[in-house]
Every structure is written in C-alpha cells, then in structure tokens.
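Colleague: Taken in order, these protein sequences are the chains called B and U.
All letters in the first sequence, in the order written, are residues 808 to 1002 by the numbering used here.
All letters in the second sequence, in the order written, are residues -2 to 190 by the numbering used here.
Since the hints were made in silico from the structure, they are not lab data.
Only a predicted model underlies this, so the values are computations on that prediction, with no experimental measurement involved.
Partial selection, computed: residues in chain B whose CB lies under 10 angstroms from chain U: (1) 960; (2) 961; (3) 984.
Even glycine gets a Cβ: it sits at the ideal position worked out from N, Cα and C.
One-letter residues, chain by chain:
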Amino acid sequence: MATAIPSIACLGVIGRNNNPLHVAIFPSYDPVTNNFAPVRTPLQFSLLLSSTLDVFELRARHNAATGVGLSGDFGLLHAVDERLAAYGFETNTGTKFVVLVDMRGRRIDGAIAAGLVDIKEKRLGAVAVGLREGEMKPVFKAMQTAYVKLLQNPFFDPDEHAPPAGHGGKKITSRKFADDMRRIGETWTPGVTNL
Amino acid sequence: MMSASKASRLGEEIWKTRIDKVNSELVVLTYGTIVAQLCKDFDSDYVEVNKQLDKMGYNIGLRLIEDYLAKSNTMRRCANFRETAEMIAKVGFKIFLNITPTITNWTSDSKQFSLVFDENPLADFVELPDDGRAQDELWFSNILCGVLRGALEMVQMQVEAHFISDVLRGNDTTEMRISLIRYIDDELPPEDD
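Make a model of the complete structure from these sequences and hints.
Modeller: Printed below as a string of structure tokens:
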C-alpha cells in the first residue's frame, strides 16, 4: 500500500496589522475518491490562519522576555489535528508567513508519478512519519524571497497593504507573487532544500 | 573602423577598471520610485509620463556623453552609424548599466536599427500597474530613449528613439528602435545676407 507523505495545504501571508495579505490553498490527495481536493474550505483555512496569530503574539512576547531572537522561524505553532499542522515565520517588520502542512497530503507512488519526488531520495522512508526540525526553512526562505521581490516593485505600495497606524490593509494583487506562492506550495516535499 | 569584438573588449575593460559601482537595488528602487511618482503626479496619464521620462533622459544624456567620452578615451569619431551602434551597445550600455543589448534589424540604408535588451536592470522586479492601460501605454524604461537622444545630439547626431516592445507589457522581447535623422555637424551657421 502506498504511504502518505506531507504536503503543503495552505500558504498564508499576514501583514503587520494582522490583516490577510495573501492566501494560497493547495489540494491534497484524497484516498477515498482517488482525487486531489483541498482538505478544508477557504473559510476554514482563513480561520486556521487567524488562530495562529495568538500563538505568534505569545511566542513574540516570550521571545522578547527571554531575549532570544525577536523574529524569524517560529517553528511549529500548533498541530490542528492529526493531519494539519501550522508552522510560522515572522519578519522584523511584523509580516508573518504561515504554512499549513497536511501530513498525508501526497501518496509516495503518486508523488513519484507526478515527478515531484526523486526516486533516489532515500530519506523518504524516514520523513513519512513526520516532519523534522528545519524542514520548513526552505519554504519560509522562498516565501521571504518572493515577498522581497514584491516589495521591489515600485508600483507596489506597502503602506496600502498595512497602514502604519491603523487596521486592515488591502490584499496583495500581484500575479507574480501569486505565481511564486503557487510554485512554492506545489513543489515542496519533505527533503527539498531549495525552492 | 572598430570591430564589434574590439568594442566589447573595450567596454569590458572600462567596466572593470574605470567604473565606480553602486548597489543595483539602489538604482532599481530609485528609478522605479521616479516612474511610480510620475504616474501619480500625472494621474496615470502614461503618455505624459513617457514624455517626462524621455525629457529627463535627454538631460542625463547631454551630461553623460562627456563622461562616456572621457572614460572610453575615444578621441575619434565613429566612421558610420553602424559603428555608432556598436559603441552604444557594447561600450555605452556596458559601462553604465553592465548590459550589452543586441543590435539587430538594420534597415538597408543603415539608418535605423533595434537594440534588443535581454536584461534590463531598470525593470528588475517591476510589474506594471494592473489598471488596463499601463500595459498598453507606459514605456517603463523610456528614460533610456532620452539618454540616447541627448547623448548623440551632443556628438552631432540627431536621432529618434522609442521602444516598440517591452517584456513588462507581456511582449517576448524588449526592443528599442533608433533612427538617425541627420548629422548636424556639417551645418554652417546661418549667413547674414
């Protein structure tokens, strides 16, 4: 029987004012229908992303109190259930990246067929059990790179997306950024070191 | 006449030895901000923005040519417009932007050619505004046309330069068309009759 391996179910980018900037949802493999479908509705994903905000705040406060890094990789924020887990990253400017991982999002043979996983990748057996420390690093790095690229676009106005003194802000509409997010979510599999 | 390979060697040499380098993000962000601000100031009248960029470029070109001549140490005139094109692409663009656009599409009278930009440092990361007009009206790097026009005017060449395609607009290439209108040097001052 095929083994299930983790895949990305959702990528969220959250602005300084805790406003959603971008949400990308990715379908997971469903063994019942033998199809790919998202494990939650967009609204449910949105609520899951919101629920990570408290964890971010707690961690940030804790980090500030203990003097460890004020920002960066927050690691596992919370495990939603036996399938979904949320990982987080916060930049010094308060922009947050959240990755929701579906622990059984891909079947190994299916993944190989789709060319997603290198057959020679011997580590697959080990990672099928769960995710190792630092497995999300390349994802956050790629997301941050995409975000930096977005900010370099002179027609992108950061203040519009997170007013310095206020609430809310517009969502990101850049197609390049959306494509980058899509590419990151679709190509990541455990063991990938570069996205 | 200076051969194409000699021109590229010269450009390479100057770039390596005589040019102060700046951080490219600084240039990209500075230029991008200027264009974005112009678009705001002129209420997204992109035709006017193109014009302003060209004018700014013209004023840059008038000054930049002196620097170009000093750095490239060319005391000699280009023998013809084809040589001028080589020097623009392989020396001028090389030393100021570290790129070498490709020269193509000459007309048979050797008075018009295209510069095809495989890379354009000014437009790194840029996405044109999604208002349905910028894609058709704005030439983001239009300042370069002005620079060429200004610089060549100082060395007695009246040219017309404009972009005809841009990858930012979704075209396959970024191409600038340059046409020689006339040489101005053989013109005598108006006689008083």
